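Trainee: The residues making up each chain are set out below.
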Amino acid sequence: MVGSDGNLAQVRHVILVLSGKGGVGKSTITTELALALRHAGKKVGILDVDLCGPSIPRMLSVGRPDVHQCDSGWVPVYTDAEKSLALMSIGFLLEDPDEAVVWRGPKKTAMIAQFVSDVAWGELDVLLVDTPPGTSDEHLAVLENLKKHKVDGAVLVTTPQAVSTGDVRREITFCKKTGVRILGIIENMSGFVCPHCSECSNIFSKGGGEELAKLTGSVFLGCVPLDPLLSTCIEEGKDFMQSFPDSATFSAISSISQTLLDSLQTA
Amino acid sequence: LYTFPQHSPRHNLLYCPGTESEQAGKTSSCQGCPNQKICASGATKAPDPAIAEIGVKLSTVKHKILVLSGKGGVGKSTFSAHLAHALASDSTKEVALLDVDICGPSIPRIMGLEGEQVHQSGSGWSPVYVDDNLAVMSIGFLLSSPDDAVIWRGPKKNGMIKQFLRDVDWGELDYLIVDTPPGTSDEHLSIVQYLSSTHVDGAVIITTPQEVSLQDVRKEIRFCQKVKLPIIGVVENMSGFVCPTCKNTSQIFPPTTGGAAQMCADLDLPLLGKVPLDPRIARSCDEGKSFLSEVPDSPAAKVYLSIVQSIKDYCSNRVTEEQRSA
Chain R
3 MVGSDGNLAQ VRHVILVLSG KGGVGKSTIT TELALALRHA GKKVGILDVD
53 LCGPSIPRML SVGRPDVHQC DSGWVPVYTD AEKSLALMSI GFLLEDPDEA
103 VVWRGPKKTA MIAQFVSDVA WGELDVLLVD TPPGTSDEHL AVLENLKKHK
153 VDGAVLVTTP QAVSTGDVRR EITFCKKTGV RILGIIENMS GFVCPHCSEC
203 SNIFSKGGGE ELAKLTGSVF LGCVPLDPLL STCIEEGKDF MQSFPDSATF
253 SAISSISQTL LDSLQTA
Chain D
338 LYTFPQHSPR HNLLYCPGTE SEQAGKTSSC QGCPNQKICA SGATKAPDPA
388 IAEIGVKLST VKHKILVLSG KGGVGKSTFS AHLAHALASD STKEVALLDV
438 DICGPSIPRI MGLEGEQVHQ SGSGWSPVYV DDNLAVMSIG FLLSSPDDAV
488 IWRGPKKNGM IKQFLRDVDW GELDYLIVDT PPGTSDEHLS IVQYLSSTHV
538 DGAVIITTPQ EVSLQDVRKE IRFCQKVKLP IIGVVENMSG FVCPTCKNTS
588 QIFPPTTGGA AQMCADLDLP LLGKVPLDPR IARSCDEGKS FLSEVPDSPA
638 AKVYLSIVQS IKDYCSNRVT EEQRSA
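Protein sequences, first through last, are from chains R and D. Numbered per this note's numbering, the first sequence spans residues 3 to 269. Numbered per this note's numbering, the second sequence spans residues 338 to 663.
Honestly, the hints are just simulated from the structure, not real lab data. Please read all numbers here as calculations on a predicted model, not as lab measurements. We put the beta carbon where it would ideally sit given N, CA and C, even for glycine. One thing to keep in mind: the hints can contain errors.
Residues of chain D placed beyond 10 Å of chain R at every Cβ, according to the derived structure [to be verified]:
1) Ser396
2) Gly410
3) Val549
4) Ile558
5) Asp623
Derived EDC-like pairs: lysine to aspartate or glutamate, alpha-carbon spacing no greater than 20 Å straight-line [unchecked claim]:
6) R/Lys178 - D/Asp485
7) R/Lys178 - D/Asp484
8) D/Lys565 - R/Glu201
9) R/Lys179 - D/Asp427
10) D/Lys563 - R/Asp98
11) D/Lys611 - D/Asp634
12) R/Lys208 - D/Asp485
13) D/Lys563 - R/Glu146
14) D/Lys563 - R/Glu101
15) R/Lys208 - D/Glu624
16) D/Lys563 - R/Glu201
17) R/Lys179 - D/Glu624
18) D/Lys493 - R/Glu97
19) D/Lys649 - D/Asp427
20) D/Lys565 - R/Asp100
21) R/Lys216 - D/Asp485
22) D/Lys584 - R/Glu201
23) R/Lys216 - D/Asp427
With the C-beta cut set under 8 Å, the calculated list includes, among others, these residues of chain D facing chain R [to be verified]:
24) Asn372
25) Lys565
26) Leu566
27) Tyr651
28) Ser653
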């Protein structure tokens, strides 16, 4: 074992990506932030603890490789030869991608404990932890198992509408109760600019993310628009940050990732 | 030195006998599985007397419909709420909506019932009524503040779901709709288990067109097959957006693998309908109004009503089948 932290000893920063609400883009934002941080020269890892709906492998186009073991534990899957982006997801352990992981809380808790302690991450600048929606077993398991290691904080993702921010408020309470620092709130799916006529439609309403930040005294990290180019890249496992550097979406995500990096350095 | 378990994690998963089986925790494949002790203790297998009680309590409910997805944020609650409104638009029908999303209860807001509280009487908990013939129950009504987080592990969530089914005074109902959270976990297992001595008409599966959703939805469909829950059909939500200014259609959530239509063809399931994105839907939900009443002429409203009709037909055909075979 390397130090009391074991496999997390050489991980400089740990950021949780939370929401409370499903389908707001946690996995998408986790993926894009990871790609942005990598493009900024950082070594990044992603831990996907959504046991029922593991989306990250597809978004990074890594398929379903075998997971190998080494002396210190499980070797993460690398998305590139330079090993700049490492990933661990339960998606890799399933033979059949359509097979449902129908587990109750205790089994999920035990699997996450293994994930957190037994992956040989090596040296990382940032480990992003993608979570499922809710405030339950998975979230408690991640925090319990990261107790020995410092968690820098959480990024909360919401969409603009009240039905979303209503759940994210509860996630903010979860963070306060469990002592997780809130690094900031991201409003995703923030307006859609029609590619034909450039008219902006607020499909999922408007402004909720910023209001939520004000209401709860949290930092507002910024808005990410609804962008079919982003959805397509995510679908096909392509690197959006590399393919569309001139887009408004790219600027939004880059700015958010820079703000996060700055807040990690100053902490 | 790091000691590996006897079997690899993939082996544990592949050959898991199931946490509810007689063999749980006892087979050779269980060696090294983090859950082995719990399974072997028998904690996962004891039958719950509440199941029979719920069977009796819900014998006055003619039709039970579960709304499932597997994927979050596809519109389960939106669909459940509007299915309830549409069914209750027939004033001769008694309809109820049960929200078992314990961590993220959206139904109170969508039904315009935020701030309402549940009352207890001699015959149990009273649900909250939207109209004379439309009742709603959600954990949202038991929380005193919109900031309250329900940070519960599985067993406590299961207990709440049991209470919702056993202790709520539903009365005689034509339809009970159950809205669920995303995933295939405690809430889903509990709902199916606690309803196992009643007849459930089936599940409506909600998805959006993209593969990122479909890959989770296929798991939910497998879950339904595993627990022998019939599937009424699939609804594809957020199916295209027509710009109100230039009227061109954009596929914001692109069906890169053929969308729900391809999945339904592959799995031999009915596609009940494709609902387009409409900003007025989000607004109505935020305001607690039924968009079927607010914008009845919208293309989305028309698709919803046709889907509701298919569900009604499915339910009444089931009754006819039962009468025929009796």
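Trainee: So, for every hint listed, does it hold in this structure?
Mentor: Going down the list of hints, with the structure as the test:
1. Ser396: holds (28 Å)
2. Gly410: violated (1 Å)
3. Val549: Given a closest Cβ separation of 6 Å, the condition is violated.
4. Ile558: Contrary to the label, D/Ile558 does not stay out of reach of chain R, its closest Cβ about 8 Å off (not over 10 Å).
5. Asp623: It is violated; D/Asp623 is separated from chain R by about 4 Å at its closest Cβ, not greater than 10 Å.
6. R/Lys178 - D/Asp485: holds (11 Å)
7. R/Lys178 - D/Asp484: Measuring from Cα to Cα gives roughly 11 Å; hence the hint holds.
8. D/Lys565 - R/Glu201: Not satisfied, since the Cα-Cα distance of roughly 47 Å exceeds 20 Å.
9. R/Lys179 - D/Asp427: Judged against 20 Å, a Cα distance of about 46 Å means the pair is violated.
10. D/Lys563 - R/Asp98: holds (15 Å)
11. D/Lys611 - D/Asp634: With Cα atoms ~16 Å apart, D/Lys611 and D/Asp634 stay inside 20 Å; holds.
12. R/Lys208 - D/Asp485: Violated, at roughly 24 Å.
13. D/Lys563 - R/Glu146: violated (32 Å)
14. D/Lys563 - R/Glu101: holds (10 Å)
15. R/Lys208 - D/Glu624: holds (13 Å)
16. D/Lys563 - R/Glu201: violated (46 Å)
17. R/Lys179 - D/Glu624: The hint is violated at about 30 Å.
18. D/Lys493 - R/Glu97: Violated - the C-alpha atoms of R/Glu97 and D/Lys493 are around 31 Å apart, more than 20 Å.
19. D/Lys649 - D/Asp427: holds (12 Å)
20. D/Lys565 - R/Asp100: holds (17 Å)
21. R/Lys216 - D/Asp485: holds (18 Å)
22. D/Lys584 - R/Glu201: holds (11 Å)
23. R/Lys216 - D/Asp427: Given pair R/Lys216, D/Asp427 is violated - Cα atoms ~43 Å apart, limit 20 Å.
24. Asn372: Status holds, d = 4 Å.
25. Lys565: violated (13 Å)
26. Leu566: violated (12 Å)
27. Tyr651: violated (24 Å)
28. Ser653: At about 30 Å, which exceeds the 8 Å cut-off, the nearest Cβ of chain R leaves the hint on D/Ser653 violated.
In this structure, the hints that do not hold are numbers 2, 3, 4, 5, 8, 9, 12, 13, 16, 17, 18, 23, 25, 26, 27 and 28, in rising order.
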